[in-house]
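Peer 1: For reference, the chains in residue letters:
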Amino acid sequence: MSGPSPLRRLLPWAVVVPIVALDLFIVVRNPGDLDRLLINMILALSAFVTLHAKLLSLANAGFMAIGAYASAIIAIKLGMPIAVSIPAAVLLCGAVALVIGMPVLKLKDVYLAICTLGFGEMVRVLIILTPGLTGGPTGANLSTGFPYEAMKQTKTWMLVALLAFLAYLFWAISRSRIGRAFRALRENPQAASTMGIDIVAYRRMAFLMSAMIAGAAGAFYAHSVGSLDNSDFKFNRALDILSYAVLGGSGRWFGSLLGGGFLTALPILLREVLGASVGFLKNFAQLPNIINGLALLLVVIFLPGGLASVFGARHGRRRTESAAGPGLLSPDKPAAAAVSGEPLLALEDISRHFGGLDALSKVGFTIKEGMILGLIGPNGAGKTTLINLISGLFPPSSGRIVWQGEDIQHRPAHRVARAGIARTYQNIQLFRDMTVLENVIVGRHTHIRTHLLTTLLQSPRERREERNARAEAMALLERLGLDGLAGEHAGNLSYGDQRRVEIARALAMHPRLLLLDEPAAGMNEIETERLGEFIVDLKQHGYTLLIVEHHMDLIMKICDEIVVLNFGRKIAQGTPALVSRDEQVLEAYLGRD
Amino acid sequence: MAALLEVKDLEVRYGSIEAVCGVSFQVEQGQILTIIGANGAGKSSTLLALSGLVRPSGGTIRFRGEDITGLRTDRIVRSGLVQVPEGRAILNPLSVEENLELGAWTRKDRKAVRPSMEKVYALFPALASRSRQLAGSLSGGEQQMLAIGRALMAEPRLLILDEPSMGLAPLLVKTIFDTIVAITRVGTTVLLVEQNARQALRISDRAIVLSHGRVLLQGPSAELLEDPVVIEAFLGKS
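Listed in order, the protein sequences are those of chains A and B.
Mapping the first sequence onto numbering that gives the first Met the number 0, position 355 (from 1) lands on 354, and the numbers just tick up by one.
Mapping the second sequence onto numbering that gives the first Met the number 0, position 164 (from 1) lands on 163, and the numbers just tick up by one.
No wet-lab data here; the hints were simulated from the structure.
In this text, all values refer to a predicted model and were calculated from it rather than measured experimentally.
The reader is advised that the hints may include incorrect statements.
Derived lysine-lysine pairs resembling DSBU-like cross-links, with alpha carbons at most 35 angstroms apart [unchecked claim]:
(1) A:Lys556 <-> A:Lys538
(2) B:Lys118 <-> B:Lys107
(3) A:Lys233 <-> A:Lys107
(4) A:Lys233 <-> A:Lys76
(5) A:Lys361 <-> B:Lys173
(6) A:Lys556 <-> B:Lys173
(7) B:Lys7 <-> B:Lys107
(8) A:Lys538 <-> B:Lys7
(9) A:Lys53 <-> A:Lys105
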């Protein structure tokens, strides 16, 4: 393997050095611009959080306004120190985000953008309509009872400290379980949810964080500028903030700092520095906007991943040793002794309609602990629909799914996954831009016992849990013969290898029931045979499996029982020997030679 | 006479992975050539390079005597080399007929499009009865037929099929292989990549075996069916 070319290695510097130099130049020329620069970088981070979670939110300007006015009012009208008013304003933004997040986050893409934009305007209108409290259309200044001296209280070092704290927070989160979950849900929310990641909760968390950071930036803005006007928080502010993060790239957080740093400094440079010396620029007030737009356009076209993408993709940081811990290849509740043959999962009269189509009608069977159940049938018989129902991607139209005595037919996918049901997909659903190793570690998500606090403190537990998860993921990859590909992007692998990574990722969850949807598709006969041996090995370690497959040799060899579907109905069930002689099965599926 | 397709020292890389490292082979007019190989051997990457969907990092591809290395995919399709992608890639929200019409997108002889469609319907009667249905609502087997039919709408000189039997029920696998033979009878040359090596070798004239991005073996399919290395690595006992 060869490393990146020398040119490629220089590229990050070619982006970072000019931007830092530009910012330094602006700040040295007028130290007063430093506050603006730092605040914009903080705002850039706030937009990054939502963008990273695939939420196209334009609410940042609104939250900035709430933070600014709330802190100003608490500090001036209630006479509190800013050490109280700023945190209070941030908490208020968090509370507002929680409330409006509930309905608003159900929307996607451009609908979310429009709705959050509306929120920003609403905040502004509210400010204009409450002159007694906020100064209304006149603004929060001396004439409305917000004297400049009392307002302007922050020192630049506070902003530096806040930005440093946020940078640390983002760095720590990006390498933690939480950061990994965000990357997973950003790439493939469906697969993330069947790994046990509560994607709704994570989206809410992103919206909340974004709001609180924007609120903090707003509060500091109020006490740094010394007066406020509702026009500071208009539509163009929302767009500016978003463009910092877009320019920086939605993949990695430090890109936003570059984006914010560049787009803040550029107009200042053009307007004030060049404008003073080059005469015609003085009369061309729109030029900075045009140049900003042009810069954004160029980056979006030539660097779709944003400025941060010049740093290359995330890679496994350290060499990872594998460690075959004791329960490497066993389900969570070790069943070796307890392969009881008790029913683990029971389907009762399951039906599912899509429009006028009956994908499944009154299908029922049970899966006993420790067995391999084969599910076969012609294409379009409803096999994948059944697996989707069991894994909670959508509920059945009628019927019950009973898991260890409990009804689970209305549970969302992440809760089904946590209960111990893992799956692979017929059309592979890997996190393509994450490494193979990371994909498998996502499978450990619900088992890694770390949270925001351990991440923030980088506690010994955080490091131990992460190390263990990596080691175990590595051991699983070794077991499947994929360890040589651990550092590659999953999307670069061949079809059959991707299938194996999916199996490794599902096994990392230590499920009690593993649903495999056409695991041998794209494998040749020898590879299929090896897969069969591996599956039987899993059974011997206490796993229970349901397998959809068209390779009849494989199905006949490894299954204890087979269920045959045709046009959404069960047409046969029994041992492989019995099913392979069944008249209806021969007619509909196997054919006669 | 020169071969229809001549591939010389083809190389494809993805980042640090070398998927194809110096593959050479030829496809003769009117024949079926099969490529077999383990997962990750470079089969799909070779096909993607032929269709211009990935840029080769080295080597040359000559089709009908002309160098097509690194050309854009639409230009390659226009010259008569058409691929049925792995996993079908049909256009779900369009009807069967619309999918087929799009297959003829690059053709200049618009009058001849309708007869082509009739030919496809004759080959796959199941599609004819579902011509107004949305492609996404077809079963897996019908989708595969549609993908092949769509490629045939371009009236290709060379049809490339990437794992056409994947994910299909046993009965349908047989239908698909029968269809491939039927397609070559009317003069279309076929390049076939298959995991179902036994069936593929049975219907093809020649075959190459890829391993780790290189050509391990090549020869008449009938000989490779008897080759101990092929039996050991791809066919298994039975």
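Peer 1: Hints first: check each against the structure and report whether it holds.
Peer 2: So, going through the hints one by one against the coordinates:
1. Only pairs whose Cα atoms come within 35 angstroms are accepted, and lysine 556 of chain A paired with lysine 538 of chain A is accepted, the gap being roughly 13 angstroms.
2. Proposed proximity of lysine 118 of chain B and lysine 107 of chain B is supported: the alpha carbons are some 18 angstroms apart, at most 35 angstroms.
3. For the hint pairing lysine 233 of chain A with lysine 107 of chain A, the CA-to-CA distance comes to about 23 angstroms; that is within 35 angstroms, so the pair holds.
4. For the suggested pair lysine 233 of chain A and lysine 76 of chain A, the alpha carbons sit about 25 angstroms apart, so the restraint of at most 35 angstroms is met.
5. Between the alpha carbons of lysine 361 of chain A and lysine 173 of chain B the distance comes to roughly 31 angstroms, so the proposed pair stays at or under 35 angstroms and holds.
6. For the given pair, lysine 556 of chain A sits about 22 angstroms from lysine 173 of chain B by alpha-carbon distance, which is consistent with the 35 angstroms threshold.
7. Of the supplied pair hints, the one linking lysine 7 of chain B and lysine 107 of chain B holds, its CA atoms being roughly 31 angstroms apart against a limit of 35 angstroms.
8. For the suggested pair lysine 538 of chain A and lysine 7 of chain B, the alpha carbons sit about 47 angstroms apart, so the restraint of at most 35 angstroms is broken.
9. At most 35 angstroms may separate the alpha-carbon atoms for a hinted pair to count; lysine 53 of chain A and lysine 105 of chain A meet this at roughly 13 angstroms.
Figure legend: structure checked against the earlier numbered hints; the only hint not met is number 8.
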